[in-house]
Amino acid sequence: MAKSCNFPAIKDPLEEAVKTVFVCSISNETVLKAIFHKASEELKFEDIIDIATEVEEASKAAKAQLDSTNSENVFIVKGKRNTSRSPRANNMGPCFSCGKIGLLRQECRYRDTTCYYCNKKGHTEKSCKSKGSKKTRPTPYTSKFISSNTVF
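In UniProt numbering, the protein residues as written are 1 to 152.
For the record, the hints were derived by calculation from the structure and aren't laboratory data. Remember, predicted model here, so these are calculated numbers, not experimental data. Do not rely on the hints blindly, as some may be mistaken.
[Unchecked claim] Straight-line alpha carbon distances no greater than 27 angstroms define the calculated DSS-like cross-link-like pairs of lysine-lysine that follow:
#1 K38 - K63
#2 K19 - K33
#3 K100 - K60
Working from the sequences, and respecting the hints, build out all of it.
Quick look at the structure:
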C-alpha cells in the first residue's frame, strides 16, 4: 500500500529524523515560526540550529535591553524621591502656618487651622505673629558718651 502512495524519497532518513525530533522539542513559539517561515525541503539540520540560535540571541538581547531600561527608570524615580525634600529644608525658613522648617504652607495640614491666640485662620498659636508682636521688646541700647566738658 505504501508503494502506491508516491511518497517522496527521503535522501537521508537519519538527518530527517534528527530534524523532526529537534523541531518537535522546541517550545519557543518565536523560534518555531522562524523555522517554519524558512522551511523548505533543502533546509538542513545545521540551518535549523542556526535559525534557532539567532532567534534565541535576538530574544535575549531584546529582553536585556528592556530590563536595563526599566532598571534605569527605577533608579531615576528613586533619585528624585530621595532628594525631593532635603534641598528644600536647607533653603527654606519655617512654615508660616505651623513653624516647621522646610515645609511649604500649601502642604501644611495646619493652613486652615484657627489660632487660639488671635482667632485668625491660617496658623497655629505657636507661629502666631500677633503673639510675637505683643511681647515686651528689649529697649534699644543707648550709649552714654562722656561729654568733652568732663575733666578727669
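Hints versus structure:
1. K38 - K63: 24 angstroms, holds
2. K19 - K33: 15 angstroms, holds
3. K100 - K60: Not satisfied, since the Cα-Cα distance of roughly 52 angstroms exceeds 27 angstroms.
Of the hints listed earlier, the one the structure fails to meet is number 3.
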